[in-house]
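Trainee: So the sequences go chain by chain: A and B. For the first sequence, position 46 (counting from the first letter as 1) is numbered 46 according to the numbering used here, and the numbering increases by one without interruption. In the numbering used here, each residue carries its 1-based index in the second sequence increased by 146.
Calculated from the structure, these hints are not laboratory results. You may find that some hints are simply not true.
[Said to hold, decoys possible] Simulated pairs of lysine-lysine, DSSO-like, Cα-Cα distance not exceeding 27 Å:
id : chain 1 : residue 1 : chain 2 : residue 2
1  : B       : Lys-173   : B       : Lys-251
2  : A       : Lys-66    : A       : Lys-77
3  : A       : Lys-87    : B       : Lys-188
4  : A       : Lys-81    : A       : Lys-108
5  : A       : Lys-71    : B       : Lys-216
6  : A       : Lys-77    : A       : Lys-35
7  : B       : Lys-173   : B       : Lys-158
8  : B       : Lys-178   : A       : Lys-87
9  : A       : Lys-108   : B       : Lys-158
10 : A       : Lys-66    : A       : Lys-81
11 : A       : Lys-77    : B       : Lys-216
12 : B       : Lys-188   : A       : Lys-81
13 : A       : Lys-41    : B       : Lys-213
[What the hints assert, rightly or not] Restraint-style ranges between C-beta atoms, simulated for each label pair:
id : chain 1 : residue 1 : chain 2 : residue 2 : range
14 : A       : Glu-110   : B       : Ser-163   : 56 to 64 Å
15 : A       : Lys-66    : B       : Gly-240   : 41 to 49 Å
16 : A       : Ser-137   : B       : Glu-192   : 49 to 57 Å
17 : B       : Arg-193   : A       : Asp-130   : 30 to 38 Å
Treat the numbers as computed from the prediction; the structure is a model and nothing was measured. Glycine is no exception: its CB is placed at the ideal position from the N, C-alpha and C atoms.
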Amino acid sequence: MKIKTKTQSALLALSLVILFWSCSTISVFSPEAYKQAVDLKVESLELISFATTPYSDYKEDVEDLKTELNKAYEFSKGRPKNEISTKQGEILINPDGNLLGGFLKRWKEEENLSQMFVTEMQVLVGDAFDTIIGLESGKIDPSEIK
Amino acid sequence: MPNFNDFLITLKDDLLSFAEENLSEYKDEILKDGTNFLDKTKSDVERWTEGLATGSLSPADFEFLLKGKKDLAEMEALKQVGLSQVRLDKLTNGIIDIIAGSAIKTFL
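The whole structure should be built from the sequences, with the hints applied where relevant.
Mentor: This is how it looks when you write it as structure tokens:
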């Protein structure tokens, strides 16, 4: 009888874990995605700070950053149930938008930008990264799922 | 010997206290985030308007910043939608725990 009760409890626990996974609506926390976002925020804000000087001096750094941003975007896109974070990344790096992607495009087109504009864009891009970091850090850690 | 009605009574009590604890906390968080974003937007636009008037920002800079704020608002909204889904998943997880707990309390 005791064996039967233990087996029933184990089956119940297993069913509940399966039930949770099938009911979850958004990806769980990824330490790798979190680290990528934090690192890219620091690198992006540093590079933006040079945008009062000629773009041609930083052309390679901009291309390197774009490559890293695209890698992070593809990583996000490949994670299951991660559409919302991916959409955030898309807005951030869109060259026809008005955050990081658009800023880098404008720097290239105009060669250098005004001090106040650069300072204000640093704040906007920093806040944009914070929305990505805030969502990722708010997700459920897989260890919390019993 | 407990029956299924005992289980339902225990479950109902546990679920009610769980919902009371969680829902008011979530409501406060959402209101706080929304208010902070609006306050920051107001002070940013005021500063940019001043910059435009003094010539520190060109009309093109000003327009770019305003559109950037719109993009940021969209990203913030996506964050809130995502966090709501996380809360929903946590509630589901919590409810599953409660059902299991109530069943164990009643039957085992």
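Trainee: All hints are to be evaluated individually against the structure, with a verdict given for each.
Mentor: Tested hints:
| no. | hint | result |
| --- | --- | --- |
| 1 | B:Lys-173 with B:Lys-251 | 31 Å, violated |
| 2 | A:Lys-66 with A:Lys-77 | 16 Å, holds |
| 3 | A:Lys-87 with B:Lys-188 | 26 Å, holds |
| 4 | A:Lys-81 with A:Lys-108 | 35 Å, violated |
| 5 | A:Lys-71 with B:Lys-216 | 25 Å, holds |
| 6 | A:Lys-77 with A:Lys-35 | 16 Å, holds |
| 7 | B:Lys-173 with B:Lys-158 | 22 Å, holds |
| 8 | B:Lys-178 with A:Lys-87 | 24 Å, holds |
| 9 | A:Lys-108 with B:Lys-158 | 62 Å, violated |
| 10 | A:Lys-66 with A:Lys-81 | 25 Å, holds |
| 11 | A:Lys-77 with B:Lys-216 | 23 Å, holds |
| 12 | B:Lys-188 with A:Lys-81 | 34 Å, violated |
| 13 | A:Lys-41 with B:Lys-213 | 20 Å, holds |
| 14 | A:Glu-110 with B:Ser-163: 56 to 64 Å | 60 Å, holds |
| 15 | A:Lys-66 with B:Gly-240: 41 to 49 Å | 42 Å, holds |
| 16 | A:Ser-137 with B:Glu-192: 49 to 57 Å | 31 Å, violated |
| 17 | B:Arg-193 with A:Asp-130: 30 to 38 Å | 19 Å, violated |
Going through the hint list in order, the structure does not satisfy hints 1, 4, 9, 12, 16, 17.
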